[in-house]
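Asker: Between the sequences and the hints, there should be enough to build the whole structure, so can you do that?
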Amino acid sequence: MNLGRFILNRLGQIVITLFIITTFLFLLFRMMPGDPTSMILDPKMPPEAKELIRKEFGLDKPLMVQYLYYLKNTLTGNFGKSFYYPETVLEIVKRKLPPTILLFTTAVILSYLIGLPLGKTIAWRRGSRLEMGATVFGLFFYTVFIPWFGLIAIWVFSYRLGWFPIGGMLTPEVWAADVGLFPKIWDVLYHLILPLSVLTLLFFAGSMLLMRNSMLETLREDYILTARAKGLPERVIKNRHAARNAMLPVVTALTLSLAFSLNGGVLTETIFSWPGLGKALVEAVLNHDYPLAQAAFLLLAILVLFANLLADILYAYLDPRIKY
Amino acid sequence: MGRFKENFNLFRKNRLGMTGLFILLFFLLLVILGPILPRIDEMYRPMTGVDKEILWSTPPSRAHLLGTDFMGRDILSQLAHGARIAFMVGISAALASVLIGTLVGLVAGYFGRLTDTLLMRLTDILLTLPSLPLIIIIAAALGKQSLWIIVGIIGLIGWPSTARVIRAQTLSLKERPFIEAARVSGASNFRIITRHIAPNILPLSFLYMTFGVTGAILAEAGLSFLGLGDPSVVSWGMMLQWCFTTGHTFRAPYWVLPPGLSISLVTFAFYLIGRALDEIINPRLRER
Amino acid sequence: MSLLEVKNLRMCYQTSQGLIKAVDGVSFEVKKGEALGLVGESGCGKSTIALSIMRLLPPNGRLLGGEILFADEDLLTKDEEEMRKMRGRRISLIFQAALNALNPVHRVGDQIIEAIQAHERMGKEEALRRVEELYRLVGLDPGMMGSFPHQYSGGMKQRAIIALALSCNPELLIADEPTTALDVIIQDQIIKEILKLQKEFNLTLIYISHDISLIAETCSSIGIMYAGKLVEYAPTIALFQSPLHPYTQGLLSSYPSIKGPKRRISPIPGEVPNLLHPPSGCRFHPRCPRAKEICGKEEPKYRRIKEDHYIACHCVNNSAL
Ligand SMILES: Nc1ncnc2c1ncn2[C@@H]1O[C@H](COP(=O)(O)OP(=O)(O)OP(=O)(O)O)[C@@H](O)[C@H]1O
Ligand SMILES: [Mg+2]
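Chains as they are written, first to last, in this note's numbering: chain A, 1 to 324; chain B, 1 to 288; chain C, 1 to 321.
Worth flagging that the hints you see were computed from the coordinates, not collected in a lab.
Computed from a predicted structure; not experimentally measured.
Be a bit skeptical, because a hint or two may be false.
Stated by the list, open to error - According to the in silico footprint, chain C covers these stretches of chain A (three or more CB under 8 Å from chain C):
hint, region
1, 109 to 117
2, 218 to 228
3, 241 to 251
Just so you know, even glycine gets a beta-carbon here, dropped at the ideal spot from N, CA and C.
Answerer: Here is the structure:
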């Protein structure tokens with residue numbers, strides 16, 4: 001099999017998973033006790049508008065038919081109208097997706113860039129003070145209550161020291177003004193630094209500890225002894241033989257940790273008023289804006305699934321034994 | 001029993017594990033303190049007790065060692081009550097998810113074939129979904145929030161990682177000669193699972209429970225903090241939410257710090273204990 | 001002139017149950033161009049000797065004493081960097097269970113080139129040519145150089161490992177059961193290969209095996225190990241004609257003919273002793289058919305009994321010869 005077929009195969013699996021998730025969402029919101037239409041129809045809507053949606057979603061038809069309508073609408077990106085905002089749900093989530101991708105992917109990449117070398121080092125220097133320190137430090141952030149930690153960070157760095165903005169992603173004045181691209185990018189970066197640092201601090205322990213364990217396993221392998229018997233310098237053994245191989249299980253585990261990371265992402269977005277999907281989901285639920293909540297959830301799920309696809313491709317690239 | 005003692009000695013040598021244990025003991029003391037405080041004075045009731053002289057948030061004083069919240073309720077008693085809630089939520093949700101996970105893993109691993117494929121497919125899907133958004137959306141669909149419903153949702157969602165590990169373990173156990181011997185001698189599937197396989201995987205389930213507690217406490221606290229928790233229960237997440245929504249975050253350090261630190265420390269402690277147990281169960285992690 | 005001289009080597013492994021004295025006072029020497037065989041039951045410390053010579057003991061291994069003289073230099077006093085320069089260049093090791101000895105994520109040819117370049121300043125081109133030559137030497141198709149280990153069969157991997165071991169023209173080659181993981185026919189081929197190369201390059205060889213008949217085909221002298229000790233050492237012919245130690249006699253009697261079918265050794269009644277608590281006196285005495293009172297009390301001295309024939313046993317005295 002070649003890479004193209006492999007990706008197609010995985011895409012097929014993603015489609016099946018999405019189908020299951022969509023079905024689950026449908027059942028979740030239609031099977032609940034009480035009037036299910038209240039979760040689809042905005043109580044504040046004028047009757048004509050209600051009628052329109054009834055048609056569009058087939059609400060007067062049997063459940064099975066409703067389901068087909070639902071699938072068709074979801075497939076075409078028709079998530080209905082928001083109960084809370086004057087826009088359609090699709091317009092809203094389209095706007096919320098890029099901030100989430102920006103914050104989430106940079107945080108994941110950065111935390112791996114920090115976690116992997118650290119994990120490699122502490123495995124190599126097993127039993128050292130460094131190992132103990134990094135483990136305790138990392139584990140604390142791994143299990144810390146994120147909103148609280150975020151609040152403290154804002155309190156110290158934004159409120160007290162005034163280094164960073166209290167929240168948000170942009171300064172409206174800067175973006176309204178005609179100042180060119182660079183100041184705008186700088187403005188986003190300025191807003192990004194604190195939430196990004198918080199998320200990175202929260203995530204890096206996961207990859208560090210995984211890398212450490214994987215590296216310790218790898219160091220026991222026969223080929224490490226071969227590398228020593230060849231007379232290779234320690235540095236080469238550590239990097240080219242141990243760490244290179246230890247990466248494989250870490251990349252596999254990336255799949256799971258991405259979903260875990262997104263939990264932190266949702267909380268962090270809320271705390272930092274970062275205008276992303278996670279914050280949108282939470283607000284939608286609080287506003288009883290069910291169409292938006294479902295769409296935001298679905299998009300978060302798609303985000304993870306595609307991130308996983310990337311991880312799979314990376315794995316196939318790293319391990320020559322995989323023939324896609 | 002001898003094995004227990006030997007394992008406990010191993011545990012005692014694990015400095016991080018012992019640290020976790022001591023942190024937990026501290027919070028267990030707090031749990032015990034919970035019901036005692038309101039007996040001293042009515043105003044120490046976590047939800048309804050109000051100090052007649054104080055009707056707003058005040059810094060620590062002699063009567064209120066950790067200060068009071070925006071309605072003048074005692075923060076220490078709330079913290080003590082929150083400790084009880086955290087243990088309750090954490091342990092019951094983890095228990096539920098470990099039970100489901102063990103069952104799914106056992107059945108999938110033991111029966112194999114289509115059962116295995118289907119169950120593992122489901123496990124993988126659930127495992128790749130971000131759990132907090134999933135909990136949020138289910139809680140939203142269910143409408144009213146009660147603590148036990150939240151515990152139920154967390155338990156229903158947290159099982160896949162356990163299921164995977166238990167399945168792998170079951171698969172390897174299934175190949176052992178003593179299982180083969182039991183089968184040849186005519187033991188039923190049920191008997192083989194309960195008598196021969198289950199005892200060998202229970203330590204692993206227990207291990208995953210300690211990790212599950214961490215996840216459950218964090219999830220409940222997260223929901224409460226987001227305003228999706230049970231408003232009639234004083235949990236640590238709820239305390240933080242009150243503090244946040246009443247705008248005290250940057251003004252009342254005595255109020256922000258304790259609940260968040262407690263959540264973080266308890267989950268940290270469970271995680272440390274889990275890791276220490278992991279090293280006992282998997283000796284390979286212990287080797288130098 | 002002897003290339004390698006091991007003098008009273010003692011080492012142990014630290015475990016949670018106590019010290020395992022895996023090698024306890026072993027002495028032998030290997031002359032240049034000679035092939036020495038080390039034989040003994042599983043767990044008697046053969047691999048440990050090989051790893052001690054390479055100074056590649058696991059972290060819980062401790063050297064307690066002795067000397068390992070290689071070309072008159074004591075390897076045990078060398079620092080890590082000096083030792084690294086010896087490994088692969090002057091002393092090569094093919095270690096046991098080597099099927100996983102090649103790194104799965106790198107091309108096999110690259111793994112050999114890497115070994116060459118660790119010791120010699122050599123361009124990629126020239127190194128490639130050297131590897132090609134090595135491949136032909138060990139009977140591999142040079143076209144396989146760019147493949148990954150999982151594309152090699154077990155026998156091919158073992159040949160590649162031999163090529164790797166020979167890549168820097170070492171003076172001493174230690175082969176620790178190089179064929180255990182292979183099937184019998186391939187085993188035979190590999191052994192023939194090693195012998196051919198040994199003759200061709202006048203290599204000094206230490207060959208470690210369970211299988212005394214195999215050693216007899218390969219080596220000019222043999223050391224018999226038992227429970228961390230060398231119990232007898234002699235030229236192959238002498239050993240087979242007149243084995244002196246009861247343990248050696250037991251071993252040989254279980255092989256009716258050298259050319260007969262190969263079998264694993266453990267025909268002697270009793271169990272291999274636990275090295276955590278080895279038997280007092282002569283470690284073989286609980287299993288020895290000729291054990292006397294003194295055997296349980298006093299350790300027999302390892303001494304020379306004839307020209308090139310060494311033994312550690314109370315029951316054999318010079319007059320008995
Ligand atoms: N890393 C280690 N830690 C503790 N004990 C060890 C270690 N490696 C080996 N041993 C013990 O040291 C003794 C000698 O082991 P060694 O591997 O040298 O035996 P061997 O003669 O090569 O056996 P085999 O023929 O099975 O390869 C054995 O009793 C073994 O159990
Ligand atoms: Mg060995």
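Asker: Quick one: which hint numbers does this structure break? Sort them smallest to largest.
Answerer: 1
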